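Undergrad: So the sequence lines, in the order shown, correspond to chains A, B and C.
Here the numbering used here is used: position 99 in the first sequence is 147, and no number is missing along the way.
Here the numbering used here is used: position 30 in the second sequence is 563, and no number is missing along the way.
Here the numbering used here is used: position 76 in the third sequence is 79, and no number is missing along the way.
Treat each hint with caution, since some may be false.
Said to hold, decoys possible - Residues of chain C placed beyond 12 Å of chain B at every Cβ, according to the derived structure:
hint, residue
1, Ala8
2, Leu137
3, Val138
4, Ile243
5, Asp292
6, Phe352
7, Pro382
8, Cys403
9, Leu473
10, Gly476
11, Trp487
12, Ser491
Said to hold, decoys possible - In silico DSSO-like links for lysine-lysine, alpha-carbon gap of 27 Å or less:
hint, chain 1, residue 1, chain 2, residue 2
13, A, Lys175, A, Lys145
14, B, Lys696, A, Lys92
15, C, Lys356, A, Lys301
16, A, Lys145, B, Lys696
17, A, Lys92, A, Lys215
18, A, Lys148, B, Lys696
19, C, Lys356, A, Lys297
20, A, Lys202, A, Lys297
21, C, Lys356, A, Lys353
22, A, Lys124, A, Lys153
23, B, Lys696, A, Lys153
These are computed hints drawn from the structure, not numbers from a lab.
Nothing here was measured: the structure is a model prediction, and the numbers come from that model.
Where a beta carbon is used, it is the ideal one built from N, C-alpha and C, also for glycine.
Letter by letter, the chains look like this.
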Amino acid sequence: MRTQLRSGWPALRRHAAILPIMVLCTLGASGAASAAAGAWEPTKPVEFVIPAGTGGGADQMARLLQGIVVKHNLMKQSLIPINKSGGAGAEGFLDVKGAKGDSHKIIITLSNLFTTPLATGVPFNWKDLTPVAMLALDQFVLWVNAEGPYTTPKEFIEAAKKAGPGKFKMAGTGSKQEDQIITVALEKATGVKLTYIPFKGGGDVATQLVGKHVDSTVNNPIEAVAQWRAGKLRPLCVFDDRRMPYKNKVTDKQSWSDIPTCKESGVPTDYVMLRGIFMPAGVPPEAVNFYVDLFRKVRETPEWKDFMERGAFNQTFMSGKEFADWVAKAEQEHVGLMKEAGFLAKK
Amino acid sequence: MSESSQPVEAASGGISTRTMEIVVALALLAIGSLVVYDSHRLGSSWGSDGPEAGYFPFYIGLIICISSAVILGQAIWGKVGKRSTVFVEWQSLRQVLAVLLPALAYVFGIQVIGLYVASAIYIAGFMRWLGKYSWFKSIALGVIIAAVSFATFEIWFQVPLFKGAFDPLSRLGY
Amino acid sequence: MEDIAALFHGFSVALTPFNLLLMFIGVSLGVIIGVLPGLGGANGIAILLPLTFSMPPTSAIIMLSCIYWGALFGGAITSILFNIPGEPWSVATTFDGYPMAQQGRAGEALTAAFTSSFVGAFVAVVMITFLAPLVARFALQFGPPEFFAVYFLTFCSFIGMGKEPPFKIMAAMMLGFALAAVGIDTVTGQLRLIFGWHELMRGFDFLIAVIGLFGIGEILLSMEEGLSFQGRSARIDPKIVIQTWKKLPHYWATMARSCLIGCWMGITPGGATPASFMSYGVAKRVSKDGHKFGTGLIEGVIAPETAAHAAGTSALLPMLSLGIPGSPTAAVLLGGLLIWGLQPGPLLFVEQKDFVWGLIASMYLGNIAGLVIVLTCVPLFAAILRVPFSIIAPVIVVICAIGAYTVHNAMLDIWFMMLFGVAGYVFKKLSYPLAPLVLALVLGDRAEDSFRQSMLISQGDVRVFFSNFLVGGIMTLALVLLLWPLVSRLRASMRKGGPAAAT
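Just chain A, same shape as in the assembly (with noise of 0.2 Å):
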């Protein structure tokens, strides 16, 4: 990694070069609108729009992908990451739905898509959009105190068990959203009851359980990676139907894939969480198809396989139809578990 980025530090007088050349670029773009007829190019800078706050999940790819176009030149326009979080990330969302159309607009997505409007009662829809690509499926790990004494689900859902109904406390990121979810899931699957705690943000609960405030976490790998690393945290299960399949080891004896799944350790329970890529309605299929094909290019890329390896990121790769019909099925899903945990927003 530091070899890579050292070898491309030249590229930063490359790139000082470049700066004025993309001024000129954009200033004579309404000449040079259409100068390959048919491959459709953005002509304008393009919005990216990330419903969450600065610092978070999304926003952390939102700004690597920017940094990435950017370096590798694969746009002759720039990406420019506009945070738009009010109210669960619906405000994005509704500034998306409302540029019908616009092919220079495009939003990263996580859960929100689905939890926001089903627990808010904002009125949106991702039919309201266009999907273009699920660049990765960001996972969930059940995680623990490394100075408690479980090492298995099993363990930890017996002791949570013994303890009494809502005496173990689960943290979590935000309110009706992913992590609550499965928390539900999770008591619905092994008859448990846990408290669940809402806090702003994954790194907020991971350091909350680090100082023993609460009992256990499902904070994404890329939370949690750096105390696990220390000793602080340990992780029980994975949240998939598969395990992780990272070998390289993390810690002194463990590596992503080391960690069982909880389906294999007895508590059934699976989610998983898209990051993926929607534009406007209305837009061009050859619009789409050019950010279909960017997002292909900065897959091969070493900077996003590196960030995938060291978030243990699931690397699915879906457009088109197939993308269309995987969140469809995923916002049933969602209905389904937003329902029977009582989340669903009172008309």
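Given the coordinates of chain A, work out where chains B and C should sit on it, guided by the hints.
TA: What follows is chains B and C alone, placed relative to chain A:
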């Protein structure tokens, strides 16, 4: 910042402090009631696991209502000496409006023609009519400042600002 | 001693010409970002982050952290000159800084602000250098009850000190809380106080309110008084820096106290904004000139600025050693570390010695570079006040509009800013205090969240706030501060043997 002294001399007429006190207190009372109403809808009791979503806002709204009611009472039945003070004289009010109304027009302008164009027009207009500068100076400065902010935000920091409903700059490729 | 060797190694890493150049660029950019309201350190770093991917990580973090220093310095400039806080943590600086500028002492106020920022940051860096592992562990002690206790302490150190009618203080503060509650509720995920108006979902950002109440409100007020800022003709003397420096050692106690408050708030991720308010509040109580605070006292500039910078700097410590961001800006930097392939967390100090000590060395150097840059510009900044009102006023309105827009990229926020501007004008004339309103707006939802999280943890038992030494201690301190004015008034009245005059 708490040092604003009320204009004590009840001179050449204007809006009286008493009237303003009453208006503001009524506005606060209205806000407070809205808060109480919505919090009650959300649930304002202390549930089994702590306060509900509307618990704090409910009492916050209630305190706003009580405070504003007291302020209202003091304004209506308060000391006579205070009643006669002037909140703002007509002359001063005219000056305040001379800034406020163009500023409101400016914000409306942003909505329609975008921030950059509206800013250039606003600065130029303000300098011309309120500052009595020459047309040349006013327009030059307005355009320069708009251009500098355009360069800073759109090009340098890559922060797109509001382009307005009609987006007059779209022909430049932005 | 090993640390000192490591630090010197760090200096050798940071002191390459290329890195020094980046430091200079970073600080200058940071000052610009800090001056523009709405474009805070967090945005600035987020915006420039992707551009640094092609640098070595050490150089990148040096430049980005210098942007951070620059933004910390820059926030004070507009607060003092125009009463518009460029950053949330410079709100408290306006209380005395702006009156000073109005009296023609802008240069003095700026010098005091910059110098005390430097002192605050420097003390915090020294602390990071020598106490990092020890102090970092302290941050882990903070669960929701402790957070609530800290916010409560901030309120208690600040309220009960106004001269305004008590019901107006109450109404203003509660209005701040009500505004803070608008939007989505963290704990239940319900939408509150939006009445079906989805544009309100994002809530009222503190900066929108402050830009309107202070910035626009002030323009309306100065307009009423005629077309000029007072103190416009003040002489700007380059020697002002030296003259001010001669006065500063006099306030060493205020600085020391504020450093302490700042470091503490930075480590327990309370943040720079509460630190600045708390420090101002405490200084006002302790100082013998307490009653003159708000009229342009240099002490009132020193206290919040020292604390804000001490907090802003020490907020980087939990980030590096634990991977917890102490502030939004730190959160973005944290994202940067991840992208460069560095893993912030307990192992960073072991695995990436070059990087960590290079960064710490750059904190020393960046701060010094920042101080030199901003101090040389003091006469320049102060000269801005000489620009005629009919030019500067529309420019300020434009800057305010840009600032309001960039906070959330929302047009509606510009309208709200104007509304707050009118409210600021009216409130100030009717002596509704603005400071409690702003404080409630900043801390209101955070305090509520941590209170309700505590209640979830304790299952509704309020005694959780006295359940251990740490939280109990902070709560007791807060209660003492809250009741202090009552007690001292009682004592005064007993001594006089009669009822004290009503304030």
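Undergrad: Each hint should be assessed against the structure and marked as holding or not.
TA: Each hint tested on the structure:
Under the 12 Å C-beta cut-off, the non-interface status given to Ala8 of chain C relative to chain B holds; the minimum distance is some 40 Å. Under the 12 Å C-beta cut-off, the non-interface status given to Leu137 of chain C relative to chain B holds; the minimum distance is some 34 Å. Consistency note on Val138 of chain C: stated as away from chain B, and its beta-carbon is indeed over 12 Å from all of that chain's, at 31 Å minimum. Distance check for Ile243 of chain C against chain B: the nearest CB is about 24 Å away, which clears 12 Å, and the non-interface claim stands.
In this structure Asp292 of chain C is separated from chain B by more than 12 Å, as the shortest Cβ-Cβ distance comes to about 15 Å. Annotated as non-interface, Phe352 of chain C keeps its C-beta farther than 12 Å from every C-beta of chain B; the closest such distance is 33 Å. Residue-level check passed: Pro382 of chain C sits 22 Å from the nearest beta carbon of chain B, beyond 12 Å. Distance check for Cys403 of chain C against chain B: the nearest CB is about 9 Å away, which does not clear 12 Å, and the non-interface claim fails.
Here Leu473 of chain C stays apart from chain B, with its beta-carbon at least about 21 Å from theirs, past the 12 Å limit. For Gly476 of chain C, the non-interface assignment is confirmed: its Cβ lies about 23 Å from the closest Cβ of chain B, beyond the 12 Å cut-off. The claim that Trp487 of chain C lies off the interface holds: its Cβ sits roughly 19 Å from the closest Cβ of chain B, which is beyond the 12 Å cut-off. Interface exclusion of Ser491 of chain C from chain B stands, the closest Cβ pair being 20 Å apart, more than 12 Å.
A threshold of 27 Å between alpha carbons decides the hint, and for Lys175 of chain A with Lys145 of chain A the separation of about 9 Å falls inside it, so the pair holds. The suggested pairing of Lys696 of chain B with Lys92 of chain A holds, with an alpha-carbon distance near 13 Å, which does not exceed 27 Å. The straight-line distance between the Cα atoms of Lys356 of chain C and Lys301 of chain A is roughly 23 Å, inside the 27 Å bound, and the hint therefore holds. In summary, the hint linking Lys145 of chain A to Lys696 of chain B is supported, as the alpha carbons are separated by about 18 Å, within the 27 Å threshold.
Our distance criterion of 27 Å between C-alpha atoms is broken by Lys92 of chain A and Lys215 of chain A, whose separation comes to about 55 Å. Taking the CA atoms of Lys148 of chain A and Lys696 of chain B, the gap is near 17 Å; set against the 27 Å cutoff, the hint holds. Of the supplied pair hints, the one linking Lys356 of chain C and Lys297 of chain A holds, its CA atoms being roughly 21 Å apart against a limit of 27 Å. With a CA separation close to 25 Å, the supplied pair Lys202 of chain A and Lys297 of chain A stays within the 27 Å bound.
Note on Lys356 of chain C and Lys353 of chain A: the hinted pairing holds, with a Cα-Cα distance of about 25 Å set against a maximum of 27 Å. A C-alpha spacing of about 15 Å is found between Lys124 of chain A and Lys153 of chain A, which places the hinted pair at or below 27 Å, so the restraint holds. Restraint check for Lys696 of chain B and Lys153 of chain A: the C-alpha separation of about 15 Å stays at or below 27 Å, so the hint holds.
Comparing the model with each earlier hint shows violations of hints 8, 17; every other hint is respected.
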